Each structure stands twice: as structure tokens, then as C-alpha cells.
Amino acid sequence: MALDQTISVPRDYSLTGPERDRALARGLAAAEWYHSDIPRKEMKALMARSDQPAIRDTLLWIVLLAATAAGGIALWGSWWALPFWLAYGVLYGSACDARWHECGHGTAFRTAWMNDAVYVFASFLAMRNPVSWRWSHARHHTDTIIVGRDPEISVMRPVDFARKALAFVGIPDAFVHFGILIRNAMGQFGPAERDYIPEADIPRATRWARAFVALHLAAWVWALVSWSLIPVLLIGGPRIYGCWQMVMTGLLQHGGLAEDVLDHRLNTRTVVMDPVNRWIYLNMNYHVEHHMFPMVPYHALPRLHALIQHDLPPPNPSIRHAYAEMIRTLIRQQREPGHYLRRILPPTARPYREDLHDADAVPQRPAT
Amino acid sequence: MSDWVDVCPEDAIENEDVIRFDHAGRTFAIYRDADGAVFCTDGLCSHEHVHLADGLVMDDTIECPRHNGRFNYKTGAALRTPACVALATYPARLNAGRVEVQV
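Chains as they are written, first to last, in the UniProt record's numbering: chain A, 1 to 368; chain B, 1 to 103.
Read the hints as simulated data drawn from the structure, not as lab findings.
A quick note: this is a predicted structure, and the numbers were derived from the prediction, not measured.
Some hints could be false.
Residues of chain B placed beyond 10 angstroms of chain A at every Cβ, according to the derived structure [as the list claims (entries may be wrong)]:
1. 5
2. 33
3. 42
4. 56
5. 58
6. 77
7. 93
8. 102
Each pair of labels, with its calculated beta carbon distance range [to be verified]:
9. 12/B - 192/A: 42 to 48 angstroms
10. 22/B - 335/A: 47 to 53 angstroms
11. 335/A - 12/B: 36 to 42 angstroms
Every residue, glycine too, gets a C-beta built ideally from N, C-alpha and C.
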């Protein structure tokens, strides 16, 4: 049945609804995914771990956080403080996401404790429970944009444009995340969380949530006692006023692309970015490459891209280009939720995996 | 205990690397450490159905290629989430220039 002869039913993106059963029945859960061919020797070189790039980037990050915070405090009361706080906000509220992500994968550093330490620190900045989000992200990689299975689908069809616009200032995201931390701190985990967190890890997740909530509350107490905004601008606040870069880059990862496919070239986007955004984002603009080979550290992703670009759709040449493409698609999805952006592969690429794609995945009923 | 099974010439596995070995309807991962000693574990990650032979050997650990869970391939112990359940290990040896396992 042709798509234009049907009316699409909104999909249920929860992990406990009918879409989950549907994904399981269709063999979409924990399935085999398409991979570009890379000789083992080259793959080993790409996967090789080193502490040095991440030590350099982490030290730079910490120094910039400290310097911008110091500048903001020193110039408090003057408009000259504003650029310092704006920079601090992005370094805290956006750069935390990529550090959380890379260290969660365990690929940023070679040394395990360094990954774990930066992971917990970045989790705190991002207001994410470090235990539950590790499991959540593992599921995101197992079942990337598989509806009913992936807990990290950020652009659901049809997209709510107003909600996505508010996300650039942390609304309601920061409040929702802090609410989750409070709930977890009380030992409460919802059905979706229990779907991907093993029972044995719940007590550990509860302890981390309590520590994170206590630190945030301490900042509020400090602000009240000192009757100053500075404590909340330093701790927690950047998750609101500095998250825009994280949202800007994050929405591009999968927005407007296919659902329920087993080929990352169909559901993930690589975007060419400037060096500043790439540093904040730790090269996650090479997102197809990251999903296809999550063992490759962030600093080796440009080399991986060069090696397999013949097998990938051309990357978007800029953030602006990617947004124009994505927004056009999201607008069309308001009328046709089954529509998705399908990029043309170069002649050197192997064809897309066509055995499962979302043209027939969107539940539909005939037009009446 | 079963007989020793021939796997491959010893130079088919580089030091600090791993290969996949399928035998009698099962799949295994065969490793060489930095000194060239050989080891054998189950071939699939205990977290999800992923071949460890596509993963990364670092020191005494094998890292799963999909979720970066880690195991000690000499003991089978799970070292890093999402891997929580240990791998089964099997005897392995070098014999006259060949790698052999007892599975």
C-alpha cells in the first residue's frame, strides 16, 4: 500500500508499549548491523588507546572551566562578566555531554580509572545518573533508533518544534533530569529504567543519585546563605544557560533520518564542523563512524572517516546545511510521519541494507 | 576432558590479538598475549550476541566491539559493564607451531 494512501498512527516511543513487542517480533532488537569493511590490521590501529589526547583535552577543559568561572566571578556586577559566564556555561553545560559520552564508552583514555573519574564528573555536570545512563547508552548502541527499544531517541515523529526550541535553554530537560535524580535518590526507578538497568545495579544508581542531588542542593543553600546567584551559575545553572551547543549538535545525530533500520548510514548523520565545535563535541560530528565502530576513540574518528567515506553518504558540509536538511524533513513528517531523509550513497558504496526499513514500520491504517 | 583440537598455525594470530574459531557448532575466541602465550574463551560476549574476535586486546583484557564491556581473557572475569557475567575459558597451547585448544 502506498504511503500517501494511508494515515499514519503516532508511534509509541516508550520501552514498555506495543512497539517494543513489535521490534522484538521483527528481529530488530540486538540485531546484526551493517558495517563497512576495514582490514583487521587497520581496525586495530584505529582502536588503539592512548591517554595523551584525552589528558590534553581534559586538562584544557578544566583550565578553561576554572579560568572562565574566575573571570565571571572577578567581573561580577559588570557586563564584562557576561562573556565569561557564557563561555563557562557552554564548557559546563555542553562540553560535559561529549566527555560523559566518550568516557562512558571507555575509549577516551587508555587508563580505566581516568575514564571512570571523568565519566562521573561529567555525569554530575550533565545531571545524569552515571549508572543508569551507562545502561541506557548501551541500549542506544544495541538498538539505535529502534522504536520501543532505544531509550535515547531525541527526535520523535511528529516532532514538537516548540519543545525542541525550548530544549536549547534546558527546558524542560534540566528540570526533567533533576527530577529523575531526585526520584532515583529515593530509590524509585520507572518501568523504562528497569527495562535496561540490571536489578543488581539499582542500589549503586541510588547512591550516586543521592550524592548528585546533595551537591546541587548544597549549591542552592550556598546561594541562599550568601544571597548570591554565583553558586547556581557555577553549579547546575549551566545545564540551562549553557546547554545550547549540546542540543544543537545532539539533534543532528539522528534527527529526520530513518527509524527501525539496521544500517547506521540510514539513521545517523555525519556533519563537517569547525574545530571549536569539534573540540567541544569531541569529534562526535563523525557520528555514523562512531555508531558503526564504537570502539574507535574520538581522536581517531577523522582517520576512520577518511578510511570508510567511500562507503558512506556524503557528510553535511556544515551545521547550517544539516539543520536546513533536517528541518525540511521534520516539517514534512508533520504530514507524513513515515517520511524520512534518505541520502544518496556514492557509487563506491555498498547498497543500504534494505531488508528492514521504516517505510512499512510506521503503523498505518487505510484512509477513510 | 576432550581431545586437543587444532586451530591454526601459531603465526596466524599476532601477539596481543584475537581470532574467531568455530568448531562443532560453537564459536570461540583465541588470543595471544604480549608474550605470545595462547588463551581461549567463549567467542560471544556474555552481554549480547557479539563476536569478541572483532574486539580489542589490551594487556590481559578483551573489549567487546559493540558496548566496550571488558573481560580478562585469561580468567574469563567480567571487568567492565555492561559485561557482568564471566566468559568460560578453555585450555589452549602451542604445539609444534600450531595453536590447539581443548573445548
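For each hint, the structure was consulted:
1. 5: holds (23 angstroms)
2. 33: Label holds. Min Cβ-Cβ 15 angstroms, cutoff 10 angstroms.
3. 42: Holds: least Cβ distance 17 angstroms, greater than 10 angstroms.
4. 56: violated (4 angstroms)
5. 58: Label violated. Min Cβ-Cβ 6 angstroms, cutoff 10 angstroms.
6. 77: holds (14 angstroms)
7. 93: holds (24 angstroms)
8. 102: Given a closest Cβ separation of 26 angstroms, the condition holds.
9. 12/B - 192/A: 42 to 48 angstroms: 45 angstroms Cβ-Cβ, so the 42 to 48 angstroms window holds.
10. 22/B - 335/A: 47 to 53 angstroms: Check passed, 50 angstroms falls within 47 to 53 angstroms.
11. 335/A - 12/B: 36 to 42 angstroms: The hint (36 to 42 angstroms, Cβ to Cβ) is violated, given that residue 335/A and residue 12/B are roughly 57 angstroms apart.
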